[in-house]
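A.B. asks: As a plain string of letters, each chain reads:
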Amino acid sequence: MWINGGTIFDPSSGTARVGDIQVKDGLIEGVHPGGAGGARAGAVDAKGLWVLPGLIDMHVHLRDPGFEYKEDIVSGSRAAAAGGVTAMACMPNTDPVNDNPSVTRYIVQKAAERALVRVLPVGALTKGLKGTELAEMGLMKEAGIVAVSDDGKSVESAAMMRRALEYAATFGLPVITHCQDRGLSGEGVMNEGALSSRLGLGGIPAACEDVVVARDVLLSGYTGVPVHITHLSTKTGLDIVRQARKSGVKVTCDATPHHLLLTEERTGGYDTDAKMYPPLRTEEDRRALVKGLKSGVIDCIATDHAPHAKDEKDLDFDLAPFGIIGLQTLLPALMLLHREHALDFMDLLKKVTVNPAGILKVEGGTLSPGARADIVLFDPGKEWVLNEGAVLSKSKNTPFLGMKFTGMVVRTIVAGRTVFAA
Amino acid sequence: MKWAHKDLIGIQELTAGEIGHILDMASSFKEISKRDIKKVPTLRGKTVVLLFYEASTRTRLSFEIAAKRLSADTTALSQAGSSFSKGETIMDAASNVMAMAPDCIVIRYPHAGIPRKMAELLPCSVINAGDGYHEHPTQALLDMYSLKERFGSLKGLNVAIVGDIMHSRVARSNVYGLTRMGARVTLVAPKTLLPPGVETWNARVSTELDPVIPSADAVMMLRVQMERLNERFFPDIREYSTFYGLNRKRVEAMKDGAVIMHPGPMNRGVEITHDAADSARSIILDQVENGVAIRMTLLYLSLGGAANVD
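Chain order of the listed sequences is A and B.
One gets our numbering by counting positions in the first sequence from 1 and adding 2 to each.
One gets our numbering by counting positions in the second sequence from 1 and adding 9 to each.
Next comes chain A alone, as it looks inside the complex (with noise of 0.2 Å):
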């Protein structure tokens, strides 16, 4: 398969030029900066389109095994795939959790069977996510699993916390952590605040979210072993990363591209599509969030795909679960950050392709010769309006309903195959 004419981004070299690729047998064969030259019969024509390679989504929910009303891991492969996202990481709050080896290896099965891109296990931290005992990270890391998570929640005991950060480190596992104080949030739907207060909401202060971000950045520092912090969507958690990291503290985290382009008053018509944990923060965070991609602070962008189905999210905004969709807005949302905030957009690509892999130690976020052949074809100016027939996941639970995007993926590339075109 030839790809020509296009522009290519390889940011794992930060270069962006026009030119031709060649895949073979799943992989990057050549990249041919400026053209290979002669026409070539059944070559996919990219110009005036940019070549990525595909991105990797770090934070993902597939809802399988267990809640396949709401996703599972087929359909939530197809959402990827229209979003670009070539590997994505499922977090392990399931039905059974993935907290051992015969669940990790059905999530394993299934995608090697059916989904359309690739689906990097995460197990969990603890059994059940109680925050209690370790849960089989080593058999669970020799059945597939990329990391280690009790996503959904923070384990409650710094002790505990402590245990986990060092066991994972035992196999290597990195370990992603939710930042979240159980009693702090409370009851809690919204970010506290004037704005929760005059809804008459319970509120989520920033602090619930930042006495765990320190007490891990600590842990982590004091054991020596990295830890990366998930969907940070606050100005002090920044702060607290900023400076861990300047004293040497292996740290790294991710922001959600809701939290950099949504703030708090997107809740205050009770739209339980703009209801999740972390809760859209102030503008001041958002800004600061910005800025952290910025510097460098924020190292990813991970989306929290977090489906519920329309039932669920149909009930009064205490009620409803927390969580929306986000697989397939990811890129259009990165194009909307490198239009309104000026950033720039291969180091926005690196955080969505060669920075998690380098945190996940997994393939991909490349377009070297030799590379996995995942690669993304996006029309950076074609404008369009997200609604509910587009969406391919199971549930339809996003804010960004109705929204008009610029830019669309035309055509995704999986190990050489095409899984999904506009």
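Take these hints with a grain of salt, some might be off.
As the list claims (entries may be wrong) - Listed next, the in silico DSBU-like pairs over lysine-lysine satisfying Cα-Cα at most 30 Å (straight line): (1) A:K112 / A:K312; (2) B:K15 / A:K315; (3) A:K132 / A:K112; (4) A:K49 / A:K406; (5) A:K312 / B:K15; (6) B:K15 / B:K47; (7) A:K112 / A:K129; (8) B:K200 / A:K155; (9) B:K200 / A:K237; (10) A:K26 / A:K132; (11) A:K363 / A:K26; (12) A:K384 / A:K129.
As the list claims (entries may be wrong) - Part of the chain A face toward chain B, derived, beta carbon under 10 Å: (13) L197; (14) L201; (15) L203; (16) G204; (17) G205; (18) E267; (19) G271; (20) A311; (21) D313; (22) V421; (23) A423; (24) A424.
Calculated from the structure, these hints are not laboratory results.
Only a predicted model underlies this, so the values are computations on that prediction, with no experimental measurement involved.
C-beta: ideal position from N, C-alpha, C; glycine also.
Dock chain B against chain A, hints included.
C.D. replies: This is chain B only, laid out in the frame that chain A set:
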């Protein structure tokens, strides 16, 4: 004044002119309740459904009496007897009620935002009878009416609201309404019961009750919800009533003519002692009486009585 609202969800959405209009109209409706035959045909043929998904005696009764005195037909559904317990969502329940063509739904709901959603979805009038700790507009209106009745005007009045401000829809609606009408509000509570962002409210805040008492024209005591005790917002009743309860000593420190209010139901011995609740300053029962007049006014305005209003 032409009434422009299909619904009443919160005081936030009312102008000072509209509030003034409601308070003025309520006087003529109050007069009806003093007649021998307490019924006028104004809303004959109209159907008012009362959906109460949270315990309430006073508010429900008040709405029901108000509707009946205007000759509307009323049906009340409360949580225990409704299908909500069968797992039906509130919006489904509302759509089903709507299919029976009511002219107005009065809704009390434990979570914020649902009356507003209903108002957006349904063609009938929706009146919020309290949603979570968002708003309780008819309570604030009857409080304002009671104050106006006593003092002639709300302008320049000092009103202290004391207690669990954080979880109080009554406090919120009163702050919006009273300040819009030119009164000065002081909120009194321990810091654990002050809402986040209270500094952005149009009200003074005090963590001490005693300094606020002498200048207050009205002291409005909020009910202590006993479940808050388990959530450790304050240590115990003894300490709470010592610092934030209205007792004889504090009543004596109130200025001449100052009044005591309470939205009910009272916890005697907790936020208010017997002698305070029953003192000559108390206008607590006036509040209840005026509640009927206020609700008659709102039913009248919401149910297309606008044409009759000058």
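A.B. asks: Each of the hints needs a verdict: does it hold here or not?
C.D. replies: Against the structure, the hints come out as follows:
Using a Cα cut-off of 30 Å, the hinted pair K112 (chain A) and K312 (chain A) holds, with the two alpha carbons roughly 26 Å apart. At most 30 Å may separate the alpha-carbon atoms for a hinted pair to count; K15 (chain B) and K315 (chain A) meet this at roughly 27 Å. The suggested pairing of K132 (chain A) with K112 (chain A) holds, with an alpha-carbon distance near 26 Å, which does not exceed 30 Å. Note on K49 (chain A) and K406 (chain A): the hinted pairing holds, with a Cα-Cα distance of about 24 Å set against a maximum of 30 Å.
A distance of roughly 28 Å separates the Cα atoms of K312 (chain A) and K15 (chain B); the hinted pair therefore holds under the 30 Å criterion. The suggested pairing of K15 (chain B) with K47 (chain B) holds, with an alpha-carbon distance near 26 Å, which does not exceed 30 Å. Using a Cα cut-off of 30 Å, the hinted pair K112 (chain A) and K129 (chain A) holds, with the two alpha carbons roughly 22 Å apart. With a C-alpha separation of about 28 Å, the suggested pairing of K200 (chain B) with K155 (chain A) holds against the 30 Å cut-off.
Only pairs whose Cα atoms come within 30 Å are accepted, and K200 (chain B) paired with K237 (chain A) is accepted, the gap being roughly 25 Å. Note on K26 (chain A) and K132 (chain A): the hinted pairing is violated, with a Cα-Cα distance of about 46 Å set against a maximum of 30 Å. Straight-line distance between C-alpha atoms of K363 (chain A) and K26 (chain A) comes to about 24 Å, which keeps the hinted pair within the 30 Å bound. For the hint pairing K384 (chain A) with K129 (chain A), the CA-to-CA distance comes to about 46 Å; that exceeds 30 Å, so the pair is violated.
Hint status for L197 (chain A): holds, given a least beta-carbon distance of 7 Å to chain B, under 10 Å. Because the beta carbon of L201 (chain A) sits about 6 Å from the nearest beta carbon in chain B, less than 10 Å, this interface hint is met. Checking L203 (chain A) against chain B by beta carbon gives a least distance of about 5 Å; that is within 10 Å, so the hint holds. With a least beta-carbon distance of about 9 Å to chain B, the hint placing G204 (chain A) at the interface is held under the 10 Å criterion.
For G205 (chain A), the suggested interface contact is upheld, since its CB lies about 5 Å from the closest CB of chain B, less than 10 Å. Proximity of E267 (chain A) to chain B is violated relative to the hint, the smallest CB-CB distance being about 14 Å (cut-off 10 Å). Taking 10 Å as the C-beta cut-off, the interface hint given for G271 (chain A) holds, the closest approach to chain B being about 8 Å. Look at A311 (chain A): its Cβ only gets to about 13 Å from chain B, farther than 10 Å, so that hint breaks.
Taken as an interface hint, D313 (chain A) checks out: its beta carbon lies about 8 Å from the nearest beta carbon of chain B, inside 10 Å. Contact between V421 (chain A) and chain B, as hinted, is not supported at the beta carbon level, the nearest pair being about 37 Å apart and thus beyond 10 Å. Proximity of A423 (chain A) to chain B is violated relative to the hint, the smallest CB-CB distance being about 39 Å (cut-off 10 Å). Residue-level restraint check for A424 (chain A) is violated (minimum Cβ-Cβ distance to chain B is 35 Å; threshold 10 Å).
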